[in-house]
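Number of protein chains: 2
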Amino acid sequence: LDSGTGREVQRMLQSLSPQSIAQLLESSPPRIRQVLWKLIDREVEGEVLQELADDVKAQILSIMDTEEMVAIMEGLNADDIADILQQLPERVMAEVLSAMSESDRQRVQSVLAYDEETAGGLMDTDTVSVRPNLTLDVVLRYLRRHEKLPKSTDNLFVVSRQDRFIGLLPLTRLLTADPSVTVREIMTTDVEPIPADMPDYEVAQLFAKYDWITAPVVDENNRLLGRITIDDVVDVIREDADHSLMSLAGLDEEEDTFAPIKRTAPRRSIWLGINLLTALLASWVINLFQGTIDKVVALAVLMPIVASMGGVAGSQTLTVIIRGMALGQVGRSNLRWLLSREIGTGALNGILWSSVMGGIAALWFGDLRIAWIIIAAMAINLVTAAFAGTLLPVALRALRIDPALAGGVVLTTVTDVVGFLSFLGLATWFFA
Amino acid sequence: LDSGTGREVQRMLQSLSPQSIAQLLESSPPRIRQVLWKLIDREVEGEVLQELADDVKAQILSIMDTEEMVAIMEGLNADDIADILQQLPERVMAEVLSAMSESDRQRVQSVLAYDEETAGGLMDTDTVSVRPNLTLDVVLRYLRRHEKLPKSTDNLFVVSRQDRFIGLLPLTRLLTADPSVTVREIMTTDVEPIPADMPDYEVAQLFAKYDWITAPVVDENNRLLGRITIDDVVDVIREDADHSLMSLAGLDEEEDTFAPIKRTAPRRSIWLGINLLTALLASWVINLFQGTIDKVVALAVLMPIVASMGGVAGSQTLTVIIRGMALGQVGRSNLRWLLSREIGTGALNGILWSSVMGGIAALWFGDLRIAWIIIAAMAINLVTAAFAGTLLPVALRALRIDPALAGGVVLTTVTDVVGFLSFLGLATWFFA
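Just so you know, the sequences run in chain order S and B.
Read left to right, the first sequence gives residues 1242 to 1673 (the working numbering).
Read left to right, the second sequence gives residues 1242 to 1673 (the working numbering).
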């Protein structure tokens, strides 16, 4: 890419879909992004922008002025415009809003009124609704007066005169039913509309559970506000799934893969600082046993093994529980069962691998006492890891701390401290 | 739940949707699952079964006989039946297939012919197709002869007389266009059909990129075989996203949260065994420096800090790169940029935190030599971690080893070995 002249690149970009251009931008370092952005056709800029991940979107917006932004947002859905505006500083957002047409502003503000991470923040406002007393024939004629229907429309929304949600009229039913029947006779009423303040992850669970394509969003009076479409839900699902992975390493799931050093370094630095504190705690424990180590240096050689095995076993348990919690499977009713399963697994594997390690230690250092010490310490640490890995995420959630973010650090601290304490403690007692 | 009598539970289950029953089963330990399953109404058993995660599905199937299975599969889509059959042992699968009606068997076998993790394995076969030369009026009358259209239908497929895929006719366009025009005049032809052998993760990327609801699947001669719907793609997206999280802890993304000990313990045990080997390698490195540790016991106290900080920094880099690879963003063209960003970040944070740690070490042990040694060793290890975290996943992928599965272990081995080696090596040189 770097070697192509501007015009060649421009021609290449013209042959790509907005989605492909967005992916290309996301896969490029920041400086190349800005060059590429300038070469994109004006007409597709809006569509490309709306496809970008939030972090990248913010970066592109930061090099635009208000006029450009307003021009770009023309023709986008209210929810996509709201998404873009939320990346802007308060002041710029107000400027852009006031430069928009009255009707656009109203549509966008109705979405902006809701938190970004709720159903209201996910919805768009272009719904097609019909009254229950119409015949299908009338509905069909009404639809034909539209130039086109909103993207992904699979249901019409049936509403009362006061715009209250009554039911759904699937297009597939509209197309197969007798045109002389009324909407009321064939509409589906067993779908609960989504309240605008429902958190987005609950919306995603509903979509995944019921295989919805679109779903109606209502206010507290059951008045139809808009609709949520599956493509926005897929983004939520993907981000939620990413959340546990990224958080366990102290990262933000929305972080741009190509964020520059000045953005990457500080966030990671905090995480390293927290880890340094916990590592110091482990060192402090070791320090208590300086005398014993001085007597038997082999202990220093073997002690990281005890800590490391506990850490690995604990992180396996932790990952299973955190994922189970994200899937809504782990609750008070089955926690006891999970805990006993984990402790059973930890004990079994603890006996197996500590025996193996005991054998190795006996052969390596020719000292049966060291073998027995490491067997006991490893078994203790693996069972502790099972306990901590199961109960920690549940306790953190009860304290309203994100288990995916804090779980890993706290867990390693526990397995390190217990590992060193049991191994060196037992050794001190044996060799005293 | 345990305390309710059978009849009460049965009444409760009758009030739940098949999706909710499936979630309840997934959230229950194995023994309770079997009790619950027996209380479910016959008519919804098939629907519940198809909603279950693979592992749970296999468990429920293992307590059924062939007759029950055939009865349950009646009325399910070909792709869902294929999903269920693939959970069965070869012999049982053949039995069930031969007990099915001829037409059902053919439909199912057309899906079974493809690998589970390809477009062919994801598709179902109930498509509605039309010829390009028909007028919309004829299409509308044709549709009205159907009792109902397949779920999630958003497009009709336009095919030639030889069943070759030509284009899409969106229902929304069918409803708004003039009924006297022909299909050919308003169909969309800019959508590439999906080849049946495309891997499922590529299918998922296409759906996410183009916001599709359904997409046509064709064979190598462009003949229409079936369609893929977004609900099955959402499952693929969710599993793919889970894959990195679970693999980094040596777990299987399809593992049932409530798998019994006899299933959990062996798999985790292998992972612990591999970790024991790498921990022994680190111990062997420490062992080389027994003499130095014997002289300066403070080294044993501080050495885990160097290894641990490298491990954390490395896993941050590794996670970012693995996620970037899963999103298709990391390739040869931007690897050099990423590597320099990671090394820059590692060096910056290395200087910051190693200085802090140097200060702490100087105060703690009152020995400036130890301070300088830990500063140098930590900085070396953090930069090594950046190197290894970036290049390891790329190298593993080139070797066709799953980076998410192997990356974490190899990385920790590197940061442990380099951490101990640099810290104790420098110390030996300083204190010699």
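Calculated from the structure, these hints are not laboratory results.
Only a predicted model underlies this, so the values are computations on that prediction, with no experimental measurement involved.
Hints may be right or wrong, so weigh each one.
You can't tell identical chains apart in this list, so a pair holds if it fits in one copy or across any two.
[Said to hold, decoys possible] Mimicking DSS-like on lysine-lysine, the simulated pairs with C-alpha atoms at most 30 Å apart in a straight line are:
#: 1; residue 1: Lys1536; residue 2: Lys1279
#: 2; residue 1: Lys1536; residue 2: Lys1450
#: 3; residue 1: Lys1536; residue 2: Lys1503
#: 4; residue 1: Lys1279; residue 2: Lys1450
#: 5; residue 1: Lys1279; residue 2: Lys1392
#: 6; residue 1: Lys1392; residue 2: Lys1536
#: 7; residue 1: Lys1389; residue 2: Lys1536
#: 8; residue 1: Lys1389; residue 2: Lys1503
#: 9; residue 1: Lys1503; residue 2: Lys1392
#: 10; residue 1: Lys1450; residue 2: Lys1392
Okay, the hints, checked on the actual structure:
no. : hint                : in the structure
1   : Lys1536 <-> Lys1279 : neither (69 Å within a copy, 64 Å between copies)
2   : Lys1536 <-> Lys1450 : neither (62 Å within a copy, 64 Å between copies)
3   : Lys1536 <-> Lys1503 : neither (47 Å within a copy, 42 Å between copies)
4   : Lys1279 <-> Lys1450 : between (42 Å within a copy, 22 Å between copies)
5   : Lys1279 <-> Lys1392 : within (29 Å within a copy, 43 Å between copies)
6   : Lys1392 <-> Lys1536 : neither (75 Å within a copy, 74 Å between copies)
7   : Lys1389 <-> Lys1536 : neither (84 Å within a copy, 82 Å between copies)
8   : Lys1389 <-> Lys1503 : neither (46 Å within a copy, 57 Å between copies)
9   : Lys1503 <-> Lys1392 : neither (40 Å within a copy, 49 Å between copies)
10  : Lys1450 <-> Lys1392 : both (22 Å within a copy, 15 Å between copies)
When held up to the earlier numbered hints, the structure conflicts with 1, 2, 3, 6, 7, 8 and 9 and fits the remainder.
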